[in-house]
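Asker: What follows is the residue order along each chain.
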Amino acid sequence: MMNVEFRMMNYLRNGALILLAAFCFLPTAYGQLAVKGEMVYTMAGEPIANGVVLINDGKITAVGPSASVTIPANYRVVSAKVVTPGLIDAHTVIGLNGYLNQPHDQMALDGSASFQPELRATDAYNAQERLIETVRQYGVTTIHTGHQPGALASGQTMIAKTIGNTVDEATIVQTAMIAVTLGPGANASGRSPGTRAKQAAMLRAELIKAQENEAKTDKAKDLKSLIMARVIKREIPLLVTAEAAQDIMTALRIAKEFNIKIVLDGVSDAPIVMDEIKASGFPVIVHPTMARPGGDRANISLETASKLKAAGVPFALQSGFEGYVPKTRIVLFEAGMAAANGLGLRNALASITIDAAKLLGIDNRVGSIAVGKDADIAMYDGDPFEWVTHCTGVVINGKVVSEIVK
Amino acid sequence: MKRLILSLFAALVVATPAFSQAKPTAFINARIIPIVGAPIEQGILLVQNGKITAVGDARTVRLSADVTIVDMAGKTIMPGIVDTHSHIGGPAGADSTSPIQPDVRILDSVNVQASSIQRAQAGGITVANIMPGSGHLDSGQTLYLKLRDDAVKIDDLLIYDKAGKYMGGIKFANGTNPIRAGGGSFPGTRAKSAALVREVFIKAQEYKEKVAKAAGDKTKLPPRDLAMEALVEVLDQKRVVHFHTHRHDDIMTVLRLQKEFGFRLVLQHVSEAWKVADEIAKAKVPSSIIMIDSPGGKIETIDVDYKNGAALEKAGALVGFHTDDGITDSRWFLRSAGVAVRAGMSRDKALYGMTMAGAIMLDMQDRIGSLESGKDADFVILSGDPLSIYTHVEQTWVDGKKVFDRSRAEDRTFAAGGKGASDDGDAMAHDDGDEDGGNE
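Going down the list, the sequences are from chains A and B. If you use my numbering, the first sequence corresponds to residues 23 to 428, in order. If you use my numbering, the second sequence corresponds to residues 153 to 592, in order.
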């Protein structure tokens, strides 16, 4: 009896495999897709009217006007008014922080110590978290996520696609940056740091320790030392959240002292120290356009992004960190608000596609619609930024992952 | 020909007057969205002595010789926006001593010089219902304010009813916010919350009865009780209950209480309205909804959805909006209508919800909410379509006086942000009145 059952199971399994194999060879099932758009914003050149994007095996194989790109007969065709690259949220905490906002699903900040660069985002990322689906439905296909602001060093960040059942399926960069905070948000209660100067002193001490360790032949191999070595060797940047002008200047000062790479984050006061930011050459992930004013964000402005653009500072937009309601912002809307406040449609779109990809060092794979890149596409039934426009479909790695109208 | 005459008038335009004047002012050539009635292209809005005296076009509006003409070609004019639930001005209501405090008046708490009020003007908001928080079953009396300019004291913003009393409602809440584990007199469960509200209304019924029986005889009157007096106003349908509620079962509890005690009611937030839209419509109770970008953030709002507006409209219920500032920002309150339309609400009902529906909920439908002759001259001048992200509020007018002008540097700062826009510390006023750290 057992044997019979066992054999039956085997037959079934083999049958399933054969079916699966057959399915794979069906042309429409394995990512042979044509995306047509009345306007295709490739972000790798001028927008294409009546454009076509061909996708095979998860990659973009052709892009151009419909007159010059022939859609093979066996391709599935999806159409939209406006087609853009899949959107990139340059800084979020979703996947680590969940939508319930209960202690059990808030994993982006450990309160036991002030400096913990060894904490890996990939050990906390819940690929099936509901907020990931939420942002994907608006066209977001790649997120730079990880530990939140709120400690001198809260941990690492990672880059993921907004699909996948497991962290491994989702991840495209395991360790992207180290999340560092300067300013009132970095102060801890009952331990250091408790002032801005102490924050800087502690950060310097950690960097000196890492420098000295790097100079040794018998290097310390604890987790903190290993990750700080990568910072000292300029392999990964510190993502320094700094809103007030003096905190931005501290970040630039320390980066210069230790010849490390940083990415400035937040920078509400950027207009006050724009020349210094520009001279540093470091890129900026600017605060969510609609972030609430107050505290060290007292001078926050809808026009910070457009001022960064005018100054020629490389930047990307973000949804950021939210502690309450809404639990996450939608970077599409944040970019739209920037577009409407001086940045304009093209630049705003760049700040959540190609410019974000360049800043994150993933522009070889994502950020524009170009041959050879991952087939990540967002589709809209109008200007993507208008409140009344809908996202009508999302493609990630050549697969249509959302067709709901949102 | 008439258009030619208007153009000639336009050529004589003087600087936009900032004050309401005895002389009439005509805003011409605008696209006017009166809310009541169809939009008017090349419309004329005539204003005098703080009131609207005519709305129409060159064929229907007669302009007197002394009229001041303001050319609004390319602009859109709509009624002043009504925010049915806001925390601008840093209001703080009930304290932590008990869960029901009807005697507490937000009147005694608002900082009328706060930057948050300036930012609300920048969003085109002309009337707001200032509420205490939701960490109590009843956190006190709310206040309806006109966001007039240069206010020094609260009296400068009050709105008076026909009986000469300043207007406002009362705030109630259910669900998890008022629940405090081991919180002394505070409820620990939903059923306890409802029981406490019932008890206090029964007490108010008894107080009312005693007052009635005394028939003016001072020796027979019960000792004066300000909390009871406020609740008697509620029982007498003179004071509207603004009830914070999220989950479908909590919404039903509010409707049940309303039926039991017959008070007038506005449902506030109603995050799961889409689950019980028919029940809300059947109860003929209006809803003031909030547009939140993503689900959750708190356990009661995991199913909040932009589609609440569409669902309530379809069910036939009256729908308005609120900012709950600082949960959402007064400066882009119009966005609420935009995303409601995105989720299926009709354009007309969404704009009605920003204006007239709010006026009805605040008992001011005869005075504000639409551009009609005889109503207060509260209006907003927009650079384009009210539902477009690219549109800016260019001017906000209250009682015929300009209170916001984007072309003025100071006002522009309140609209766009930057140095000085919020450095009085009133940016996060929302948290002030609520020990739970938030109201939404």
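Read the hints as simulated data drawn from the structure, not as lab findings. Because the structure is a prediction, the values reported are computed rather than measured. Keep in mind that a hint or two might mislead.
To be verified - Now the stretches of chain A that chain B is said to cover, found in silico as 3 or more residues with beta-carbon under 8 Å:
{"no.": "1", "stretch": "88-102"}
{"no.": "2", "stretch": "225-238"}
{"no.": "3", "stretch": "361-373"}
{"no.": "4", "stretch": "409-422"}
The beta-carbon is built from N, C-alpha and C at its ideal position, and this holds for glycine as well.
Asker: Next, verify each hint and record whether it holds.
Answerer: How the hints compare with the structure:
{"no.": "1", "hint": "88-102", "in the structure": "violated (count 0)"}
{"no.": "2", "hint": "225-238", "in the structure": "violated (count 0)"}
{"no.": "3", "hint": "361-373", "in the structure": "holds (count 3)"}
{"no.": "4", "hint": "409-422", "in the structure": "holds (count 4)"}
When the structure is compared with the earlier hints, violations turn up for hints 1, 2 and for no others.
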